[in-house]
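One-letter residues, chain by chain:
Protein chains: 2
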Amino acid sequence: MSLPAILPFAQEQIRKSLFDGAIAVDATAGNGHDTLFLAKAVGASGHVYSFDIQQEALERTHLRLHSEGVGARVTLYRKGHQFMREVLPEQVYGRVAAMMFNLGYLPRGDRQVTTRAESTITALEQGLPLLAPYGVCTLVLYTGHPGGEKEADAVLAFTKQLDPKQYDAAWYQMLNRNHAPSVVAIKKVR
Amino acid sequence: MSLPAILPFAQEQIRKSLFDGAIAVDATAGNGHDTLFLAKAVGASGHVYSFDIQQEALERTHLRLHSEGVGARVTLYRKGHQFMREVLPEQVYGRVAAMMFNLGYLPRGDRQVTTRAESTITALEQGLPLLAPYGVCTLVLYTGHPGGEKEADAVLAFTKQLDPKQYDAAWYQMLNRNHAPSVVAIKKVR
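From first to last, the protein sequence lines stand for chains A and B.
Position 167, counted from 1, in the first sequence is what this note's numbering calls 167; the numbers after and before it change by one each time, with no gaps.
Position 166, counted from 1, in the second sequence is what this note's numbering calls 166; the numbers after and before it change by one each time, with no gaps.
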C-alpha cells in the first residue's frame, strides 16, 4: 500500500464523478490511455469526446478503443482542446461529468510538439463552464520538458483564482523526486 | 463525492499502514482526535504513544480515550515531540507503523502556544528512523497563524531532501482557499 501515485490519484477523482450514461471529455487523447478509461467508465450509453492535434495520437487512440470494443462510445477530434467550445455539440454544455488533461508531449512521439501554457488556459476557460454540477476536471502537469514549468505555473495561477463558491481545487504532488508529475483536480461545487 | 479533504486524506494514508497490534505515535495529541483514531485502528493488542506539552490537551485526550474505552491502549507523555527518541521505549524503534503530526495551536486553547519550525524538524529527524518498513508519517500544516508559514516551509524543505530510495513523500493541498491546511505524507519505502 503506497501513497497514491499521480495518475491513479487523477483517475480516482474522475471515477467518483462518472456513471453509466455520463458525458466525458479527454482534452489530450495522446496514446488513448485516459480516453479508454473514460469510455469504459461511462458505459455503453455514455459518450466521450477526445481531442488531439496529432494524427499519430488519434490513430493510436482509435486502435486502442476498437481493440477494446468501445470505439462507438468515443468521438475523436483532430483539433486543439482550446477549440473545444466551438467543436462540442451544444447539448453537452453544462453536462460534462469529467474532463481530463494530460499535458506535455506525446509519449513515443515528437517531443517538440507539446501542449502550451496559453492554449491550455484557453481550454480551461472554455472547458470548466461545460462541467455539470459536481463535475471534475483533472490536469496532470509535467515540468521536465522545455515550457513545462511555465505551463504548470500558468495552470496553478489560473486555478488559485477560481471562485471557491463555484469550484473546489486541489493539488497533489510528490515532494522528493525531481520533475515528478503532479495533478490538479477541480470540482464544480454546484 | 468531493475531492478528498485534508484531514481525511491524512487519515486515509495512515489507515492503510495500520493493523491489529500495530504501534503508532501521535506527535501532537491536541484534543485527542488523532490519538483516538489511532487507538481504534491498532486494536486491543496495539499501542499508541501520544505527546503534548499542554496539560489541557492531555486531559482532553485522556477523557476522550476513556469515554471510548480505549484508554489502556495509549501512553500519554507531557513532553514535546522533539524528545520522542529519548522517551519512547527502545523496543519500538523501527517498529512504528504510523506517526501523525497536526501542527499549529490547540483548538479551543491558548493560540500563543504553537508548534515551532525548529522542534518540529527535530521531531521529524528523530521520528522518521523509528518508522517500520512501509510505515507512514503525516503532517498537517497550517499557515494562518504567526510562525505557521515558516514552519510549513521548514517541513517542506526537510521533506524534499529525503532520500527517495528510503522514503516516498507527497504533498496534498487545496489551491483556491487562503490559508487552508495542507498535508505532507512520508512513507518509508523499505
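It should be emphasised that the hints constitute simulated quantities derived from the structure, not laboratory data.
Watch out, some of these pointers could steer you wrong.
Same chains, same names: a pair is fine if it fits in one copy or spans any two.
Taking lysine-lysine pairs in the DSBU-like style, the calculated list, with each CA pair at most 30 Å apart, reads [to be verified]:
#	residue 1	residue 2
1	150	160
2	79	150
3	40	150
4	165	150
5	16	79
6	16	40
7	16	165
8	160	79
Intra- versus inter-copy proximity for residue 165 and residue 16 (alpha-carbon distance at most 30 Å): For residue 16 and residue 165, the Cα distance is within 30 Å only inside one copy (21 Å; across copies 32 Å).
What label fits residue 150 with residue 160 when the C-alpha limit is 30 Å: within, between, both, or neither? For residue 150 and residue 160, both the intra-copy (15 Å) and inter-copy (21 Å) Cα distances are at most 30 Å.
Cα distance capped at 30 Å. Does residue 16 pair with residue 79 within a copy, between copies, both, or neither? within (28 Å within a copy, 42 Å between copies)
Should residue 165 paired with residue 150 be assigned to within, between, both, or neither, using CA atoms and 30 Å as the limit? both (27 Å within a copy, 29 Å between copies)
If the cutoff is 30 Å on CA atoms, where do residue 40 and residue 150 land: within, between, both or neither? Let me know, please. neither (33 Å within a copy, 46 Å between copies)
Using 30 Å as the alpha-carbon threshold, which applies to residue 160 and residue 79: within, between, both, or neither? Intra 28 Å, inter 39 Å, cutoff 30 Å: intra-copy only.
Alpha-carbon proximity between residue 16 and residue 40, which holds within one copy, between copies, both or neither at 30 Å: both (14 Å within a copy, 28 Å between copies)
When no copy is named, should residue 79 and residue 150 be tagged within, between, both, or neither for a Cα gap of at most 30 Å? Only inside one copy: residue 79 and residue 150 sit 23 Å apart there, 46 Å across copies, limit 30 Å.
The structure does not agree with numbered hint 3 stated previously, though it agrees with all others.
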